[in-house]
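S.K.: For chain F, the structure is supplied; the task is to place chain P on it using the hints.
The primary structure of each chain is shown beneath.
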Amino acid sequence: MFAQALSGIKVLDIGHHIAGPYCARLLADFGAEVIKVERPEGGDPSRKSGPFPNDIPDQEASGLFFYLNTNKLGITLNLKTDTGIKIFHELVKKADVLVENFSPSVMSSLGLSHDNLKATNRSLVMTSISNFGQSGPYRDYKATDIVLQSLGGWVRSRGETTREPVRAAGALRMVEYIGGIYAATGTMTALTHKVGTGMGQHVEVSLVEAVSTMNCYPVAMSTFPRNTGWSKMRFVFTPSVEECKDGYVGINTLTGAHWRDLCALMGMPDWAENPDYNTLTARLRSRGEVYKRMNPWLMERTKEKIFAEGRDWRVPVAMVYNTEDILKSPQYQARDYFVEVEHPALGQITQPGASLKMSQTPWQIKRPAPLLGEHNVEVYGKLLGYDKVDLVRLRQGGII
Amino acid sequence: MSKSPLEGIRICDLSTIWSGPFCTAYLGGMGAEVIKVESIQRPDSFRFGTPVFDNCWEAYGPWNCTNVNKYSITLDLNKPRGVELFKKLVSVSDVVIENFTTRVMKNFNLTYQVLREIRPDLIMVSAPGYGMTGPWHDHAGYGIAFEQTAGLAYLTGYTDGPPQNLGGAADPIVGMHAAFAILVALEHRRRTGEGQLIDVSQIEALTCLLGVPLADYSMNKRVWGRLGNRDPVMAPHGVYPCKGEDIWLAIAISSDEEWEALCQAIGNPELAGDERFSTLPNRWRNQDALDKLIGKWTLEHDCYEAMTILQKAGVAAGAVAAPDTLYEEPHFKEREFFQELSRDIVGPQLYPTWPLRFSETPLRMRPAPKLGEHNEYVLGTILGLSKVEIEELENGQIIGTQPLGLGGISA
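Protein sequence lines, in the order shown, are assigned to chains F and P.
Numbered per the working numbering, the first sequence spans residues 3 to 402.
Numbered per the working numbering, the second sequence spans residues 2 to 412.
Do not take every clue at face value.
[Stated by the list, open to error] Reference listing, derived: stretches of chain P covered by chain F, where coverage requires no fewer than 3 residues with Cβ under 8 Å from a Cβ of chain F:
| hint | segment |
| --- | --- |
| 1 | 156-164 |
| 2 | 289-301 |
| 3 | 358-369 |
| 4 | 384-395 |
Derived by calculation from the structure, the hints in this document are not laboratory data.
Glycine included, every Cβ here is placed at the ideal spot set by N, Cα and C.
Chain P on its own, in the form it takes in the complex:
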């Protein structure tokens, strides 16, 4: 098997929740040695999403998904010894990534300026929500807040309703941008020996998806709004009810040929001759009537059966799949998008991977580590501490494997 692309790259990962961890999980799967740094005083708050039970901080599905392919250590950065060891780790790391608000790294005195003294060619990613500078630099936020600020929520929702949340897409989108930037920075370092600081503003990365509406505003002073499931250049276009409760099928018709194919497929060929629907502008104007006609057909069909009929006829159609059972979807199954990993406490589970396949360097999935699982490996093997020194750290609660308190998310 070919060498993994990022073999030999060590990443020191202070990031929490989803975006930073999503980035490093991918890089870990591509061969980087990712060392996740938490503390028993403040583990990643994202661990606490389950009811309280023994070892519950090791059981939360989303955390376990987002922290595959990593090593885990604990270090209390509020104690000088913890900071000292962290700096020692940075001195042998290629990349540091963090996504706190800006005051946190300042308080620890672990800013890029400080860390660069220890490791001159360091690549550091700082990803506070709104960026490292500007009036909001210290304002806390989460994915959904960034989607709202960046202009994405405004475009989402029914035509006759308020904007809606996207539900956290900001995190993986920004995480992938960060992974891209790290790879770009590694290439620059390879050429010049120079590291750099990557200042990630989540809202800025997201607004990069809005270049087209911004261009429209520049050209025509048009402000894009909500369209529900409709589309400016396609009709019919939407989700249609199928047999069963709350089961839907998406259909999108982009040309007259597809429209005719749809009419044939739903056993209503004379519809194609109906003048109300003969051209895209006509179909667009008469969408309400059109949706009712199509809905009547879909309602009599099983969703996947209807999808197959329409796809066979060359019509873009797709079941509105349930996210929590995607692993049963035949297409996802055959492509092995979900991979089974066995982890203590939760046993074998299916974990999503990435929408990427590499012909020569396949992704390597390892289950998420337990809190502090690699304290000995990292502090002993990598940093050269003796058994006695590691014991002292344990006794002083600078490292450990059990959180000192259970705090965090209980939505």
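For reference, chain F alone in the conformation it holds in the complex:
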């Protein structure tokens, strides 16, 4: 195996659930040595979340934990004990990066604030991800995906005008992944700075702010008041998702030219320049009539056929894929996107491949997600020099 871009960079991941672990996973995929630190009792709470094979709960077989913690070493450590904290400082001394996503008050209450850790390791990059950031009036508010999507201004922009607005991506908890991506980019930025200066720093990520950057158009409209009307619109048509013969397609007309080309494609050239239909707001008003004319055309065609015809006319239509469709897609397949990962408790699982293809330092799967405490001996032994007797003692003391 050749060295990857981030080989040799040591990352301590004391994250839980999605955001922190996903950040550390992105670093691990490009070669960083990530040590996932879990509490001895039950580990990362994501181990309790499904999906499980045959829906039978098993802390070693969570699909969520598996995806987020592939490529990491796993150790256990009880941070609620003095010895645990002492050992944690020893780990921090050896680390380049620490990733955490506790509520803002937790790290300080453990005596592990950035100031404390800086004293242990001046060049440490500490990355903290939280719902609302480390400051501000909502700092200690409780939140979940839907609460963050709402306060970040994203939910307001989606759904039928006659119904309640609706969140993005259902049960996926998309916001936490996005926070992980921001955190990974922020961490790399701080590592770049550290290379030049030897100085570490504290990087913080706010999930609610991350949400607001997802809703880019309406949020950006606020900078130029002339455009605010557009941003108040919840349902837009077209662009929109429409039903066809065997599923759904996206009719993604963004410009005037797209609409004209779509009219040609669908055999309704008389509407190309008609002011009742040729703008976003006009189409929304005439939605019923447009459906009357468009639907028969759509329902006669499969999504494959509409996609192919759209390509010929250079209208940006797309097939609306579910997970099963994605796996069968010729484009993903031609690029060998998916990977099979073998895990002792889960068996062979098909997983997303590289987020980006880097020609010289490709993304790699080196190991499946760790079992709880799987690498205690390796990490505490090799990295910190603890011997077998020490480890037995720590285990008996409930420290690891």
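M.R.: The following block gives chain P in isolation, referenced to the frame of chain F:
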């Protein structure tokens, strides 16, 4: 003040619309010298989002947001002199980023293979929508199309309705991935002296968010569908109508303790003893009734007032905020997420920043440049052209500051 992390890194940026520009705006804020390359023949089509008026290409909010922290030059890459100068710029750049469909860079004869000859340790990001290879490599698309293809739109929408668009999240998500990849590639170059090509498929980067549903499919052949605002492991869970028109509050209850706290907070403690709602499975089964009860309470309350009451009781609740007035939100305000920048033509406006704070190297925001604003700086100071040569370029329309035509978006 500490040195910015990316000081000394020069990025030559051909990218348009949102994803690439979002990436480079961030890197610019972190100290990289980002040179946005457009042409007066074909400026970034994303500039044309406003009605037509004087200098309207400098006025579109989304463009101005996404192009902060950059320098701007124009170069007609359809003319040999334009290509020659572009190559000269690449020879002194660390990174090139572009997000055209694959045929564009081939037509200009400016592929990675060609540019690497000029700058052997070049890092290049190519981000056509569907990737540089495969049957769809030359197919045009936008963020919403990638969200549909990548499996995100399918999960979005009402339980009883069709999939819905996310509205363009693909662009910033992919843009941040690209920024991450550039930083990884810079680290590799620092260690080895070697550059590389980064092939970004927007759909692939997005499908990386679907590892869990894919695992579920692998294990149980289950295909995830739409749940509206409901959640498989929480109930009640949704948005509830508040006082006023089209005003909503999100509430999510993940445990029995939170449920009891909610009942207390809405002044209905006996509800906690109601067997229909006593456990998560019971609450889940009886969500319709539950939603009506909660909705009755929220409807009598101002949204932010209700949020405060519930948060004080330890319940996850959040107002469904309006995106275009987020800058008035007290939390965003106090954390200075929006920063005021003054720019010609549009005057002072509040611009969103990034959800990141650095203790030692704060983000530095500069307003977006005007078209060709830095022609002299880049061509003269960096590339060493004389005043006369620059004038010749202007006369030959290889560079300029006024678009030759107004085309583009008029949705």
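S.K.: None of the hints should be skipped; say for each whether it holds.
M.R.: So, going through the hints one by one against the coordinates:
1. 156-164: That given contact holds, which follows from 7 residues of the segment 156-164 of chain P lying within Cβ reach (below 8 Å) of chain F.
2. 289-301: Coverage by chain F is violated for the segment 289-301 of chain P (0 residues, Cβ < 8 Å).
3. 358-369: With 5 residues close enough to chain F, the hint holds.
4. 384-395: Answer violated; 0 residues pass the 8 Å Cβ test.
In the structure shown, a violation is registered for the earlier hints numbered 2 and 4, in ascending order.
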